[in-house]
Each structure stands twice: as structure tokens, then as C-alpha cells.
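So you can see what is in the structure, the chains are spelled out below.
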Amino acid sequence: MANVIKLKKGLNINLEGTPEEKFVNVKEAKKVTLVPDDFVMCTPKIVLKAGDAVKAGDEVFHDKQYPEIKFVSPVSGILEDVVRGDRRKVLGIVIANDGKGTSAQLSVVDPKTASVEEVKQAMLDGGVWPFLTQRPYGVLANPSLQPRDIFVTALNTAPLAPSFDMIVKGQEKDFETGLAALAKLSKGKVYVGAAANTTIPTLNGVEKVTVEGPHPAGNVGVQINNFKPINKGEIVWTANAQDVIIIGRILNGKCDFSRIITIAGSEIVAPAYAKVQAGTPLADILDGKVKHVEYKQRVINGDVLTGVATGLTGSLNFKGQTVTVIPEGDTTDEIFGWITPGLNRYSTSNTGLAGLFGLFKSKKWKLDARLKGGPRALIVSGEWERVFPMDIYPEHLYKAVLAYDIDKMEQLGIYEVLPEDFALCEFVDVSKNPVQQVIADGLVKLRKEME
Amino acid sequence: MKLNDYINEKIDPLFQKGGKYEKLWSVYDSFHTFLFVPRHTAARKGVQVHDSVDSKRVIMMVILALVPAALVGMWNVGYQHDLALGINDGWFMQFLYGLVAFLPKVVVSYVVGLGIEMTVACIKREEVAEGFLATGLLIPMIVPVNTPLWMIAVATAFSVIFAKEIFGGTGMNIFNPALITRAFLFFAYPKAMSGDEVFVRTGSALCNSPIEGTAVVDGFSGATPLAAVADGSFDPATYSTIDAFLGCIPGSIAETSTLAILLGACLLLLTRVASWRIMLSVFVGGAAMSAIIAAFSDNAPTVCQQLCFGGFAFAAVFMATDPVTGCRTNTGKFIYGLFIGVMAILIRMFNTGYPEGAMMAVLLGNACAPLIDYCVVKSNISKRAKRVNA
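These protein sequence lines map, in sequence, to chains A and B.
Numbering follows my numbering, in which position 105 of the first sequence is assigned residue number 108; successive positions increment by one, without gaps.
Numbering follows my numbering, in which position 307 of the second sequence is assigned residue number 643; successive positions increment by one, without gaps.
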């Protein structure tokens, strides 16, 4: 049976600074920072104090709600500091890396022969459980549940994101182990969304779903909606294929949390791939790689659609795949933007020549961070639908979330979406609404209400 | 120092909180953002880059699309004037006559409408939405040339306040504000809105005062074809469809030329500012209804005449396609358009109290749009509900 999803709706934003298919060196980080906020709705309980020695793979904190979900240190060294913000909220846990790479003893588990409980325990102890995301809400997976299915996306379509083929090269065995582990956990199957030419290991309980089309085809939520949508009451777990590789690596007994990312964007001298440790400061990752310019630059922890502009003080997201640097644009002047022909202004809208002639597809663009307009009520209709390949009415769902009408939100499919699925809607929106933030806030509120 | 830096450093603080003119921030901001694209950058979280289209640009496309109809309309005002007086002083003078008659109406509508919008924006300390820039041009285009300026002022104020601002401003209104203005005039001052004397200006361009030494030629009637339909005296053979298509018949200022309206339609469709679904289905609905009526009646206008007469084409292209008051789902747009097309012709032909039905049909469509969308969205909801039960 051929599982194929063909999508027409969507948009590939053609940005300058596409990574070349080669690896550049990033110095080993002197410090790494774990940020609990990388996990949606996670409340950390820190088990170490500043000054404690840690080995790679040692627990640093766990989730308050599910104490069995451990978050481990990716490096060995000393816990240097716990950075706190308002109301003592933990903003980051800084670990000084001693560079020795001593790691905790991991139990090697072969998921093909081990029991479900053994696999679960090994993943929880190894600190890779947080790589699983539970839908609805996009939160940490509840270890005591068994999901209907597990969806893995091995297709990265976000702007400037790394290609999965580059990531998996040389790590095929770990990928296979990871998939086998997930197959154990799932009540149903493990579906792997991937491009037609990507080979997915043949395993019991694992099925490949071929996905074709522009971004957000790689978003796991889009794949689920088009393949086997989530119904009210159902639980589905998701993971990115790169994280499945790390799960496999840990189960194979190698305590290594390093990941492959792209360092990209129009402000990078030579955009390329790199292998770095999760939690590495962006300043270290970008050291010597950013163009020297007079204007301000925006350093984004993630891709331009879903990333966070943490600046150089940020540290690579636990599940990060891209670090992007673009111009901030806060000193750029554009006169009479409402009437200029628009040959040099990126727009998918036909109100400018760039849209009308399709230049937004054929040319590479250097985009800055400006909103390029003022916030308005929703005026134009139908534009979100063009970039939203799900069987959901995005605008109606958005309005239901704004009004916080729980019945309507459920009926319109709130359980099937995460903020990232609305990223392109926010990008093309004429009225410049903070769509992702509204959806994210709505999900947090809804979960609190439901539990 | 660059101009924008100067504005940001010297002028901007005067309008910010604590500045001398802080209450006028909205007005200042609207002018500043018209001059320069705002420099605001994306929030820390969320999409970091944005498409450069904004509501200013979208509204400007509507205004550009209105230009051909406005130009031909102005010329036609002068042309009808010359016909009535039996003179011919050339197309340029005719255009000039129309310009002088038309321009004060535009000024009045903009001053009143934008005045209210900016006042409300200043009170709420919000950015001024651009919606009225289109509405303000639409209003003088859809009234008879002899409408007094004070009536336009009163109707515009009514519409902006009661059809738009009390709902929350641009994007929140249920009914098209330009059509509410027209409807207000129609019901409050019916004599000024229909009849033989309102559509052709026979006096001076500016205030219609009688010009000495001129007289209306014998046999002149300023009646529109639709007025003839309404009183039953219509004969399809005596009215030229080509004249109606080109726009040299009496009618509201800029609704007469179907050709010019279609030019505007091309721009709206090319830029995707207007929905082709709505536009197409209004014409299809109108044509279908006209064909049915023409099949049963000898003195009913032909299908082509129906689509070219009155405000039908204008309503189909510029009024029904307003995204805020129309249907917002793609399926709904087809139903919405068909409904308006059919209703416009039905009202026109069977309600003799209203010679033209396009205005009422679009307003009726506006009222039904949320219901149509509700039904379309409901089908998605039931599909989702069925999935659970399956």
C-alpha cells in the first residue's frame, strides 16, 4: 500500500543564505545552557545545586507533573548557575563543560527484543523522552499513556532547515534503533513522513508516508491531518527524525546529544551545516561566521517562521535544527510602500510586481525582520487558506481561539494544530496578526481548563 | 540627516505618551506610515519575517481599480448635461464639467468620513485603518449627480458611525459602509435619489444653479432605463445596450460604464484583491435570473441589458467583493455571489418601489453572509464529528 500525501497549498520562502551541503567546524562549547522553556508547558524541578559536578547523561531537572521525565546534561562538568527570572521562574541552567566527556553508564537496550517497559525506562533514564511531543497541545508525552500512533517527520521544509539526508548520513543504525523503540511504544503504527527518495528502514510497525509539496509539508501536524487526523480524545505522539536518531544513539549506549544544524541566513558569510551540542551558546555557534555590517542583525534560534530571536545570548534549542541570522531592518526606510511597483519587495501577493511575476519563487530574497505594516483587524479573506494545507478553516479556528470559545475550538479542530502550523498564515497576513502567539496562548489556556 | 530619521527623532516624541500632541498620535501615525513603511520589527517569538503586503497596499489597489469608472463617470456627467441642453462643447469640456460636479462630493465624503475615523482612532489611540479610503471614494461614485453635498455629509457620518465604528471599525462591520450611505440617502431622501431630475445636471457644474440663456431641449427626459422598467414603459428595442456598456446613459455618477468597471475588475482580479468566486457568481446569478425573466416577458430587458444597466456591474465588482462584509469561506463565496446576482435582478424587476435592486441585494447578501459561512463551516464540523463516531 502506497502512503502518499500530495500537497499543493503552502509556500517555500526562498531566502538568501541557503546552506551549502558541507560541514563547518564549531568549537566545543565551554558552557551549555538547558532552557526548560524549550518544552511547552514544562515546569522544571531542579535536582542539582550550583557547584555540583555532573556527567553527561546525569539528570539535571525533571518535570514537576511527570517526575519520571528526566532532562539530562549533554556534557560533563560543573553546574555553574541557575538563571531565574520573574517569580523565580527558571530561565536557564548553565553547565560549565570540562571537555572530558565523561558520561553516565547507559544500559544498552535492543528495542527489537526488549519489552515495552524496558524501552520506556531506558528512554526516560537516558534523557531522550523529552524528544517526544504529545498532541493535542504539543506537550511532553505522558509516559503512562499509549498513543494511537506515533508520527515522525523526516522532511524538513522550513526555510533554510537542514535536509534529512544530510543528517542521517552515517547514522542509519541509530535511526533504525530509534524507530524500533518508537514502534514498541505505539499502540498503532509509527508513520514516518519523508520525501519520495528518502529511504526509511523496513521495520515491523513502521510505515513510510511519502510527502510531496511546499512548506508546511514537513510539519508533522500537516502530515497527520492529511493522513490520519486526530480526533477528540485521541493521543498521538510526534518526533522529528533527527531526534529519533538521538533516541537510537542513547539506546545503543552512546551518550551523545550533539545534533546537526544549519547555520544560515543572508547575514552568514558561508552558510553551511554543523554538528553541535544542544544548549551551545549561539555566540559560540556563530563565532566568526556572521558578516560584519553597520546595521543591526537579528539572531534567530530556529528558522525564520517558528524561531525565537534570542540574540547571541541565547543557546541552541534542545530540538533546534537551524540558527538563522537576518538583518533587523529597524533603520530601513521604504518610501510610499503602498504604491511603489514592488519589484524589489518580497510579496506573494499580486499587489506587487514581485508577486505578479512570480519573482518570490524564482529569486532568492534577503528579508529583514520588519512587519512592513500596521496591525489591523482581519480584512482580506482566503489568503490564509492558500498556505494552510489542512482540512481546517484556519481563520474560523483563529477567531474561536481569540474569543476562547472552547466548544467552537474543539469543533473546528484545535486538537489537530500547533502554533507552527499557522506560521505561514502569520507570514502572509495582510493585517499582521500575531497568529502563532494567539494559538499558543489558546492551547495553554485550554489545557489548563481541560485537566 | 535623512528625512525619516528627522521625523523619528524630532517629531515622533511630540506625539508619543507625554508629548505635547500625544492625543493626536493616531493622525500623526497615519501620515507617517503613508510616507514611510513603518520600521517596527517582529516580536521576539513568532514569525520573524513578513510578506511586504499590508492593508494600505490592498486598499490602494481598490482605489486604483475605481479610477477608470470615476473618469468615465465624470465625462458622462458632462455629456449628459450637453445632451440635455442640446449643445456639444467637446469631450474635454464635458469631462471638466463632470470633474467640477464630482470633486466637491469626494472632498465632502473624505472630510466627514476620515474626520470621524481619525477622531475615533485618536480616542482609542489606535492606528487609523485604511478602509475608508476606498469607501470615501465609493460614496460619491454611487450617488446621483444632483445629490446635495449636505446630504452626502449626513449620510456618510451616519454610515461611518452606525455601520462601522460602533461595531469596532474596519474589519468588524457587518454591512458595507458605502452601501449603507446609499441606502440611508435612498430611504431618508427618496426624492433626491430617484426620478427624472436627479441623474442629469442641467444647471451649472458646481451647484446646479440655472445657467442663463440655456434651456433643456424638447423631449429631454433624464430617466434611467431602469426607471422605465419600473413604470412599465420599457421596450428592450428602444434602448441601446452598447450605450449602457460604454457608459453614456443617465445614472449614478460612476456606475454607468460597464466597460470602465470591467477594467477595474481586471485589476482587482489580477491582484487577487477581489475574489473571482464572488465576482463571477454575481454575474452568473444575475444573468441566469435575467434569462428566466426575459423568457417569460416581452418587455423585459435582455440579459446583456440587465447586466449593463444601473448599478449591477458596479455592485458585482466593487461592492459584493468587499471581503469584510462578504462570505469568507471559498465555498460560501459562490453561494453568496449567486444570491446577490439573483436578488439584484428579482428586486429590480418585481419590486417597482426600487428601480434598482443591486444595492438592496448586496446589503441582503451582507446580512446572509455569516449564515452562509456558518453552514459551510458546519459541514467541516460535522465531518470532524463523524470521524469520532466512526
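None of these hints come from the bench; they were simulated from the model.
Owing to the predicted nature of the structure, the values given are computational and were not obtained by experimental measurement.
Hints are not guaranteed to be accurate.
Said to hold, decoys possible - List of simulated lysine to any residue pairs, SDA-like, C-alpha gap at most 25 Å:
| no. | chain 1 | residue 1 | chain 2 | residue 2 |
| --- | --- | --- | --- | --- |
| 1 | B | Lys722 | A | Pro437 |
| 2 | B | Lys719 | A | Leu449 |
| 3 | B | Lys719 | A | Asp336 |
| 4 | A | Lys369 | B | Asp341 |
| 5 | A | Lys12 | B | Phe686 |
| 6 | A | Lys115 | A | Lys9 |
| 7 | A | Lys176 | A | Lys402 |
| 8 | A | Lys12 | B | Asp341 |
| 9 | B | Lys381 | A | Ala286 |
| 10 | B | Lys714 | A | Arg90 |
| 11 | B | Lys527 | B | Leu419 |
| 12 | B | Lys460 | A | Pro437 |
| 13 | B | Lys338 | B | Leu350 |
| 14 | B | Lys381 | A | Lys9 |
| 15 | A | Lys9 | B | Lys719 |
| 16 | B | Lys381 | A | Asn6 |
| 17 | A | Lys402 | B | Phe686 |
| 18 | B | Lys527 | B | Lys714 |
| 19 | B | Lys381 | A | Pro284 |
| 20 | A | Lys299 | B | Lys722 |
| 21 | A | Lys402 | B | Lys338 |
| 22 | B | Lys381 | A | Val447 |
| 23 | B | Lys381 | A | Asp336 |
| 24 | A | Lys12 | B | Thr667 |
Claimed, not checked - If we take Cβ atoms under 8 Å as the criterion, some of the chain B residues that face chain A in the derived model are:
| no. | residue |
| --- | --- |
| 25 | Pro374 |
| 26 | Gly507 |
| 27 | Ser545 |
| 28 | Thr577 |
For each residue, glycine too, the CB sits at the ideal point set by N, CA and C.
Evaluated hints:
For the proposed pair B:Lys722 and A:Pro437, the alpha carbon gap of about 32 Å is over 25 Å, so the pair is violated. Of the pairs offered as hints, the one joining B:Lys719 and A:Leu449 holds, with about 22 Å between alpha carbons and a cut-off of 25 Å not exceeded. Our distance criterion of 25 Å between C-alpha atoms is broken by B:Lys719 and A:Asp336, whose separation comes to about 49 Å. For the hint linking A:Lys369 to B:Asp341, the alpha-carbon distance of about 23 Å falls within 25 Å, and the restraint holds.
Restraint check for A:Lys12 and B:Phe686: not satisfied, since their Cα atoms lie roughly 44 Å apart, outside the 25 Å limit. Distance restraint check for A:Lys115 and A:Lys9: the Cα-Cα separation of roughly 32 Å exceeds the 25 Å cut-off, and the hinted pair is therefore not satisfied. Between A:Lys176 and A:Lys402 the alpha-carbon distance is near 46 Å, which puts this suggested pair outside the 25 Å criterion. A threshold of 25 Å between alpha carbons decides the hint, and for A:Lys12 with B:Asp341 the separation of about 41 Å lies outside it, so the pair is violated.
Taking the CA atoms of B:Lys381 and A:Ala286, the gap is near 19 Å; set against the 25 Å cutoff, the hint holds. For the given pair, B:Lys714 sits about 44 Å from A:Arg90 by alpha-carbon distance, which is inconsistent with the 25 Å threshold. Among the hinted pairs, B:Lys527 with B:Leu419 is consistent with the structure: their alpha-carbon atoms are about 23 Å apart, no more than 25 Å. For the suggested pair B:Lys460 and A:Pro437, the alpha carbons sit about 20 Å apart, so the restraint of at most 25 Å is met.
Between B:Lys338 and B:Leu350 the CA atoms are separated by roughly 19 Å; this keeps the pair inside 25 Å, and the hint holds. Straight-line distance between C-alpha atoms of B:Lys381 and A:Lys9 comes to about 30 Å, which puts the hinted pair past the 25 Å bound. Under the criterion of a C-alpha separation no larger than 25 Å, the hint pairing A:Lys9 with B:Lys719 is consistent with the structure, at around 21 Å. Note on B:Lys381 and A:Asn6: the hinted pairing is violated, with a Cα-Cα distance of about 35 Å set against a maximum of 25 Å.
A distance of roughly 40 Å separates the Cα atoms of A:Lys402 and B:Phe686; the hinted pair therefore is violated under the 25 Å criterion. At most 25 Å may separate the alpha-carbon atoms for a hinted pair to count; B:Lys527 and B:Lys714 exceed this at roughly 44 Å. For the suggested pair B:Lys381 and A:Pro284, the alpha carbons sit about 18 Å apart, so the restraint of at most 25 Å is met. Distance check on the hinted pair: A:Lys299 and B:Lys722 sit about 52 Å apart at the alpha-carbon level, beyond 25 Å; violated.
The hinted pair formed by A:Lys402 and B:Lys338 fails the criterion: a straight-line CA distance of about 41 Å is larger than 25 Å. A threshold of 25 Å between alpha carbons decides the hint, and for B:Lys381 with A:Val447 the separation of about 16 Å falls inside it, so the pair holds. Taking the CA atoms of B:Lys381 and A:Asp336, the gap is near 24 Å; set against the 25 Å cutoff, the hint holds. Restraint check for A:Lys12 and B:Thr667: the C-alpha separation of about 17 Å stays at or below 25 Å, so the hint holds.
The beta carbon of B:Pro374 is positioned within 8 Å of a beta carbon in chain A (closest approach about 6 Å), and the interface hint is therefore held. The criterion of a C-beta within 8 Å of any C-beta in chain A is met by B:Gly507, whose closest approach is roughly 3 Å, and the hint holds. The interface hint given for B:Ser545 is broken, as the beta carbon of that residue sits about 38 Å from the closest beta carbon of chain A, more than 8 Å. For B:Thr577, the suggested interface contact is broken, since its CB lies about 32 Å from the closest CB of chain A, more than 8 Å.
Checked against the numbered hints above, the structure violates hints 1, 3, 5, 6, 7, 8, 10, 14, 16, 17, 18, 20, 21, 27 and 28; every other hint is satisfied.
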